[in-house]
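Each protein sequence line maps, in turn, to chains L, Z, A and H. Just so we're aligned, residue 2 is where the first sequence starts under this note's numbering, counting upward by one. Just so we're aligned, residue 2 is where the second sequence starts under this note's numbering, counting upward by one. Just so we're aligned, residue 2 is where the third sequence starts under this note's numbering, counting upward by one. Just so we're aligned, residue 2 is where the fourth sequence starts under this note's numbering, counting upward by one.
Source of the hints: derived by calculation from the structure; they are not laboratory data. Note that the coordinates shown come from a computational prediction; the quantities given were computed from them, not determined experimentally. Please note: incorrect hints may appear among the correct ones.
To be verified - Anything over 10 Å on all C-beta distances counts as not near chain Z; from chain L, calculated:
id : residue
1  : A120
2  : Y157
3  : W199
4  : E244
5  : V245
Claimed, not checked - Simulated coverage check for chain H against chain A, where a stretch passes if three residues somewhere in it have a Cβ under 8 Å from a Cβ of chain A:
id : segment
6  : 168–174
7  : 210–222
The beta carbon of each residue, even a glycine, is placed where N, CA and C say it ideally should be.
Each chain, written out:
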Amino acid sequence: MTITAAAASAGKDTQDEAATTTTALTLGRSLNEGLRQAMRDDERVVLLGEDIASLGGVFRVTDGLAAEFGDRVVDTPLAESGIVGTAIGLALRGYRPVCEIQFDGFVYPAFDQIVSQLAKMRARSRGLLRLPVTIRIPVGGGIGAVEHHSESNEAYFCHTAGLRVVACGHPQDAYDLLRAAIACDDPVIFYEPKRRYWDRAEVGLGGPVDGDTLGRARVLREGSDATVVAYGPMVAVARGVAEVAASEGRSLEVLDLRSLSPLDTGALCRSASKTGRVVVVHEAPVNVGLGAEIAATVMQHCFYDLEAPVERVGGYNIPYPPARAEGDYLPDLDRVLDAVDRVCAG
Amino acid sequence: MTITAAAASAGKDTQDEAATTTTALTLGRSLNEGLRQAMRDDERVVLLGEDIASLGGVFRVTDGLAAEFGDRVVDTPLAESGIVGTAIGLALRGYRPVCEIQFDGFVYPAFDQIVSQLAKMRARSRGLLRLPVTIRIPVGGGIGAVEHHSESNEAYFCHTAGLRVVACGHPQDAYDLLRAAIACDDPVIFYEPKRRYWDRAEVGLGGPVDGDTLGRARVLREGSDATVVAYGPMVAVARGVAEVAASEGRSLEVLDLRSLSPLDTGALCRSASKTGRVVVVHEAPVNVGLGAEIAATVMQHCFYDLEAPVERVGGYNIPYPPARAEGDYLPDLDRVLDAVDRVCAG
Amino acid sequence: MSTHSAASSADGVLRLVDPAGTLDDQTAADMLEVTGDLVRGLYRDMVLGRRLDQEAYSLQRQGELGLWLMSLGQEAAQAGSIRALRADDRVFPSYREHVAALCRGISPTELLSQWRGTSHGSWDPERYHFHIYSLVLATQTLHAVGYAMGVRYDAADSVVFTYLGDGASSQGDASEALNWAAVTSAPVVFFCQNNGWAISTPASKQYASPLRERAKGFGLDAVSVDGNDVLAVHAATRRMVERVRAGGAPGFIEAHTYRMSGHSTSDDPKRYRDDAEAARWQAHDPVERVRLLLTARGWADEDYFATVASDAEELATRTRRECRALPEPSLSDTFRATLCDEPESLRREREAFETYLESFL
Amino acid sequence: MSTHSAASSADGVLRLVDPAGTLDDQTAADMLEVTGDLVRGLYRDMVLGRRLDQEAYSLQRQGELGLWLMSLGQEAAQAGSIRALRADDRVFPSYREHVAALCRGISPTELLSQWRGTSHGSWDPERYHFHIYSLVLATQTLHAVGYAMGVRYDAADSVVFTYLGDGASSQGDASEALNWAAVTSAPVVFFCQNNGWAISTPASKQYASPLRERAKGFGLDAVSVDGNDVLAVHAATRRMVERVRAGGAPGFIEAHTYRMSGHSTSDDPKRYRDDAEAARWQAHDPVERVRLLLTARGWADEDYFATVASDAEELATRTRRECRALPEPSLSDTFRATLCDEPESLRREREAFETYLESFL
Ligand SMILES: Cc1ncc(C[n+]2csc(CCOP(=O)(O)OP(=O)(O)O)c2C)c(N)n1
Ligand SMILES: Cc1ncc(C[n+]2csc(CCOP(=O)(O)OP(=O)(O)O)c2C)c(N)n1
Ligand SMILES: [Mg+2]
Ligand SMILES: [Mg+2]
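Same shape as in the complex, but just chain L (with noise of 0.2 Å):
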């Protein structure tokens, strides 16, 4: 950890002039020092959830933040409902809160307020209202979890109107989404791959947000026999996949959606166009997951241009198995490469 406070309230005073400090962070702190730069950018950002102040929460996401900004950061009752709830209200009081939800499995008790309030009171007070909530939370399995703890769950609220849903896959798109998202007048499912937490890069930090960064998807690779699309934990096995196929003589973009919900229909295409051959990749369930829409949306618009179907390499549609399983549950190297060879024999 080279970071130190100075360093960071140093790129708090110079904001302005875009300047960035670069250092080496891990994905958990990289979050950390985004909401940090949030708290400190705006005073209306609080944040909520459980364990999440004295304990800087189970992942130690906001490890700190209650020392440097007190009762901004509560720990709440133990009710994602009320979590959700009452951040609604706050925000129509001109906060913009931040909830953690404590695991993925952890947000269904909050699905109403998400789903029926949340997500449409914009849309119900016909644009007077905004709803500047940001709702983190970590997702995904790959840890040796138990139940609940594990869980893809983002095809929910992809398919809820109303909402906007980006999922980071590194540090420094930790870092930079998460200022975007928070400074975003609309609500956001933020999610974390959890066994990416420990993953560690250099972070520019500091400078301004770039609010663009919310809606766009990014190349992280080029190619041209085949385009990898990935989103959250599912980037690094990616890109793996990719170094692997080019050690084999095949060329593979890959993509990192980044932003899930709306998707960078765009960039997809252009890749999808580019290559003729699409393989997706995610944890959730395959079954009406999102990979279902990239697929659709990648046949709709460069059905000419495809040269075998979309393949979509993801979670089993059973629920998620008992640690000792997931490694068979999961989407690995393997099994992506295999679906790259299917599309490319296409």
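Take the given structure of chain L and dock chains Z, A and H with the ligands to it, following the hints.
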């Protein structure tokens, strides 16, 4: 209404001989007869819901059942999580609860109990437990209702492993599928197209339950130029489209999915391969909707038979609009015919 | 069968004016300065509210509204409570608070739009400090608590006020809100209009112990009041709100009232309740009792009653006119209101929709 | 900082044995026949439960378990309550009821499987009348109420018993369950182990008024008990269960206890609570107090304690052995357990998966 109590109980007495009475019934009344038959056939069937006893439900689907079955029809406190949560407990005790959710938009408070408990409990217990719970949900728009009363949320449940999701589109299926759902040992989300409650048709009552009906799509009309895939409230629209198209010299096949999850992939692909052109229609927003899965599945299995990309016609990706704008929101004859034109031009 | 019966002072339920219009001066003196002005104002609120409700009901019957949820019988609960608030006290209503809305200055146009189907909520919550209606039961109670947390952050002294029904009290959200309010000491008051019914479900199937006791069990300060006695409601609310404003624990007021009509224009109450029950409640009419009091004390004469009646007719005429003049909604507006900066994909979808629509012109 | 402190009889909290092991014969006489047999049995339950917990903790530290949620300190609350039930009384636990599970005959294999990651729940709930653990807080309380409705339909006389924590009490589901139980008069007893903490959140941030009061507010019969006093827990539970069995209103028991360890093996309690707090609670150790009582009354000698200790060691050895022998899970089993009659699409998916796996052989 031509059915009499005598006829219904005659149906019961002779059910083993599969004798059926045929009579003209509305879809709502068919459901009512389906419930009655299921409750007569198995005394462990109990009904839970808001206003289902003395009122007979806001759509009268449970009309008269409290009179016949007494405390097996329960007016519950106003709490959907409670309805599903207690239904789970009743199922564990050996009962077969049928829950009524008053309107589609009020199922979300029960989302956690459905998704994290009902859907997963069998897998969680390594198959030891059975959860024969049916959740009836009046679904969709077109009746000029206020907010939250016109939602189409099937995609959420289709994406959830461990649930079966079914939609009925006409009176006979309403009766048959509901009995099959209640007899099924798995949790079933049962969608009733609310604007079709008053549609009337000849319905055969009585006879044994046909469990197979639960997983099977049905070709409602044979055709050769394109396939229109529909379910629930859109079945009638699809039929209308086929008729208009026929008058214009175009032969459309109409496939009623009935089972939304698991999908009857065989029937879907047979039709898609035969016609090479597919339009899928639903009221739900298109983004990550069931139509995406249909499109992706068809592409995956029938890529080389497809003459054009699968067209999706559905709700726009916005919250359900005020009633007086729903005519523009909901797929109708014109919009589907338009899509048929596109897919046939492709 | 319901056991919901009219409140009386006996069971710890505050009452200041009895059904015969007799004011209990003794008790009132403790709670409130009862003046002719005050009572006349509340009377007018109630009469206007009732007339609006009646007109909306007719409009629905004539096909001008898709649905209407009648407030008949609940005028005292609503006028008495809302008039105890300061203009900047933020209100989170449920969906039947038409009388309260009217008192806040919300126009008939704004009120009827949702029920005509031209919007889901049409007034500006900031302007009236009155949030749009919440149809998903009890969700608004958590919004109120969150808003109150914000008031506390701002070190402001306004109070947040939320309405809910006896049925809504059974939702998990309602309990989470009570608990959250108590734990955070948020400046919020819950006002439960216990009108005896949740559609066809009597209150007796909704809870086993008085809601006031439940609220106390969560640590709120809670009182019960005769919800058809506008002065009792007003006094209790005033007291509760001022206590909360001064930093006291959050409050809960249960107002015993009665839904004199069906649940909505789609509902037929004959299917589930005795006409006799409504008839019994007729004797507890909240408006009549104030009329009797005004007359008995000489606080109003026939002229005054005539003026109010004619104001009410004027409101009815205006309501009818404004209802019919409501502009038709357009899907384009919903598109634009979905997200703040219309994303490209949504813009393209909207444009395609608009082009499609134009193709029919 | 937490204000959670050990219970004392003073505040309406039942206690029969104080931390020094002194039995209040007077109070006990009212509640329970205290015999050497009874106390020895409960002592053994607690010692075995504690040993299992300790062994599982070590197994986790050695990488044999993925996670373990420690029950240290809560032995009296669990043994005292579960032993007050009849074998056919159905239990819906939360996830920390290892001592209770052991008392019901659930084996170490069955208990550890979930935490090793070889299953999500491994015992047969029918066999032990003890449901599998629920990790989503408070969901099980509604299952218990539903099950109890079924018991009532069957005109059976068993009682349904559900455990929940102080944190879980804040969930909407917990309140819906309390209310539903009260309204339906379902034969169910809620047993809240208030161990002072929900991970890092002290009970003082969870509620503002005692949970017992909340339960009463919903119309349940509710009592508080010193959760580290196994006889008090046992007596209170017995009484409550028999009252409910006889047709009384549903019950709620709040047991004041303390989570002596961290929340789980992933948790570091030093980050949020004072060592001093745990040290204070050390003096209220539930096992020690019973040992003192047994000794003082001459109900057990050194031989007895030695036997129990060696049984505990044997259990530990068995636990370790069974843990390591747990079979690895297979995804095929999850496939097969997803729906009852494996639908075609799932069968094809499973077969494709199995073919894929075989391709690596
Ligand atoms: C979560 C939810 N479930 C069901 C409904 C359907 N519904 C609308 S009003 C109502 C009864 C509400 O009763 P109560 O809270 O007492 O309010 P009242 O209508 O009497 O004013 C019901 C069941 C709803 N709006 N929201
Ligand atoms: C719905 C839900 N939200 C969050 C969690 C994460 N979580 C697991 S245990 C726990 C604390 C529970 O505290 P309490 O109910 O007091 O039980 P204890 O752990 O003290 O036994 C939390 C927040 C969860 N399991 N379920
Ligand atoms: Mg009511
Ligand atoms: Mg606890």
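Results of checking the hints against the structure:
Distance check for A120 of chain L against chain Z: the nearest CB is about 7 Å away, which does not clear 10 Å, and the non-interface claim fails. With a least beta-carbon separation of about 5 Å from chain Z, Y157 of chain L fails to lie farther than 10 Å from that chain, contradicting its non-interface assignment. Every CB of chain Z is more than 10 Å from the CB of W199 of chain L (nearest about 27 Å), matching its label as outside the interface. With 10 Å as the threshold on Cβ separation, the claim that E244 of chain L sits away from chain Z holds: the shortest Cβ distance comes to roughly 27 Å.
Once the 10 Å rule is applied to beta carbons, V245 of chain L is consistent with being away from chain Z; the minimum gap is 24 Å. For the segment 168–174 of chain H, the stated coverage by chain A is satisfied: 4 residues place a CB nearer than 8 Å to a CB of that chain, which reaches the threshold of 3. A stretch counts as covered by a chain when three or more of its residues have a beta carbon under 8 Å from one of that chain; for the segment 210–222 of chain H and chain A the count is 8, and the coverage holds.
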